[in-house]
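*Asks:* So the protein sequences, as listed, match chains C and S. Plus 30 on top of the position in the first sequence (first one is 1) and you've got the numbering used here. Plus 30 on top of the position in the second sequence (first one is 1) and you've got the numbering used here.
Possibly wrong hints are sitting among the right ones.
Repeated chains share a single entry, so a pair holds when one copy, or any two copies, can fit it.
Derived pair list, reagent style BS3-like, types lysine-lysine, alpha-carbon separation capped at 30 angstroms [to be verified]: (1) Lys285 with Lys247; (2) Lys221 with Lys195; (3) Lys230 with Lys91; (4) Lys230 with Lys38; (5) Lys85 with Lys237; (6) Lys285 with Lys195; (7) Lys221 with Lys287; (8) Lys221 with Lys285; (9) Lys61 with Lys38; (10) Lys183 with Lys285; (11) Lys247 with Lys221; (12) Lys287 with Lys212; (13) Lys183 with Lys287; (14) Lys54 with Lys212; (15) Lys287 with Lys38; (16) Lys195 with Lys38; (17) Lys38 with Lys221; (18) Lys91 with Lys237; (19) Lys183 with Lys195; (20) Lys287 with Lys61; (21) Lys61 with Lys285; (22) Lys212 with Lys247; (23) Lys91 with Lys38; (24) Lys183 with Lys54; (25) Lys54 with Lys91; (26) Lys38 with Lys285.
Hints in this document: simulated from the structure, not taken from any laboratory.
Number of protein chains: 2
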Amino acid sequence: MIIEENDKLILITNDDGLYAAGLKTLTGIMKEFGKVVVISATESMSGMSQALTVKEPIRVKLLDEDDSYRIYACSGTPTDGVKLAINQLLGRVPDLIVSGINHGSNASASVLYSGTMAAALEGCLYGITSVGFSLNSYSPAADFSACEDYIRKVCRMLLFEPLPKGICLNVNIPALPPGEIKGIRVARQAKGNWQEEFEKRKDPMGKTYYWLTGYFKNHEPEAEDTDEWALQNGFVSVVPVTTDMTAHGYIDTLKTKF
Amino acid sequence: MIIEENDKLILITNDDGLYAAGLKTLTGIMKEFGKVVVISATESMSGMSQALTVKEPIRVKLLDEDDSYRIYACSGTPTDGVKLAINQLLGRVPDLIVSGINHGSNASASVLYSGTMAAALEGCLYGITSVGFSLNSYSPAADFSACEDYIRKVCRMLLFEPLPKGICLNVNIPALPPGEIKGIRVARQAKGNWQEEFEKRKDPMGKTYYWLTGYFKNHEPEAEDTDEWALQNGFVSVVPVTTDMTAHGYIDTLKTKF
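Based on the sequences and whatever the hints tell you, model everything.
*Replies:* Encoded structure:
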């Protein structure tokens, strides 16, 4: 792959691994916009948040290449993959980092656990315009067709109007037929968390182990300006997400306590 | 351990594992305030961010117990440990979650990768007052004595004035002798990221592998209201950290683009 000066260079990653249907759909769409480099893990990295691989080395393998496309397998997390691509593989800073399409919602507090959104946040830290896409369905055979036009719309905007530094987008798409989606809602992250999170079992030796499980609880289901509300009401939610986790509004109060 | 109604119940965790000196120091201090339950990983979970263990089951083992103290080993990440303690082990909601003392700074963008701060953020999602403490030294033999009085001061405040829901504290302590620390500065997260992040090597079979490495770059070294500035200038930095990653200030601009 040769990247010309005028080419748009797009880095694609995800957290569901190389063989996920969402990655394939996203790659197909992004080829319409420029030269594409894909880096993804050989296994699922779902729920890996912005984890780094520090205790073992990272391996990367070029799997396929043509004039406008390259795909790498990476042994590390989505965040490792973005760092490795930027520092070792791409040759120049990409114009856009696109992560997903995640199998399952990353709305509300899921943004904190999501490997998909972590990849976008990592792009952000490098000052690169970045976006994560998620479909609100955990089915491996989910229908991603409704996502396509919304992804085109968001990426066309981002390629010509880059985001401010330190901000990326978290785009969640309802699992509905294309005709039933009502459009895009710019939203904020809903307040919520996961409940009753463990299933306790005994192994054949009689020892206890736990599976992480549970259900998401929206703490403000009536709030119409949230990503959860948008998603539950048939809209694509677009949340601007910041790498700055400071609770700025609480700084002055906190100063009075010390 | 029996927890009486009037006891303060404190959950302690970290990301450097059960045998870290920082965990030992923190546990010693927290015993002054109430009943203490410690849960930590058998191995280091440094750089694990808010990762969840979803592909394998989680094991937990009670290692030691007396009238006012219990310690568990957990096979999962710091976030798993907090979830497991709250849902399965504690019997009631703790009054405070304390994470650390981390071996190494979690100021600036490190908050995004930190397992220590992820544990505090997880506490936050449950509405529990939570704080992460870090010492700005990676040495396993670091001297934690200067941390003690600052930890007491912060935890005394938090036990009697809980934080607003969705906000936890990121406390970073300079690696200085006690007498040289200038006091506490409430601060915001500095803008910065990690640079030149990989060391490329060949294995004995001639195949390439990478170690994640590099150095932190502060993008705003002159800004005196940041955690990095405080830490570099001999102050303990205290940043209020939010679980809400929405870039609220950009929502109206983003609405004009769709």
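*Asks:* If you check each hint against the structure, which ones fail?
*Replies:* none
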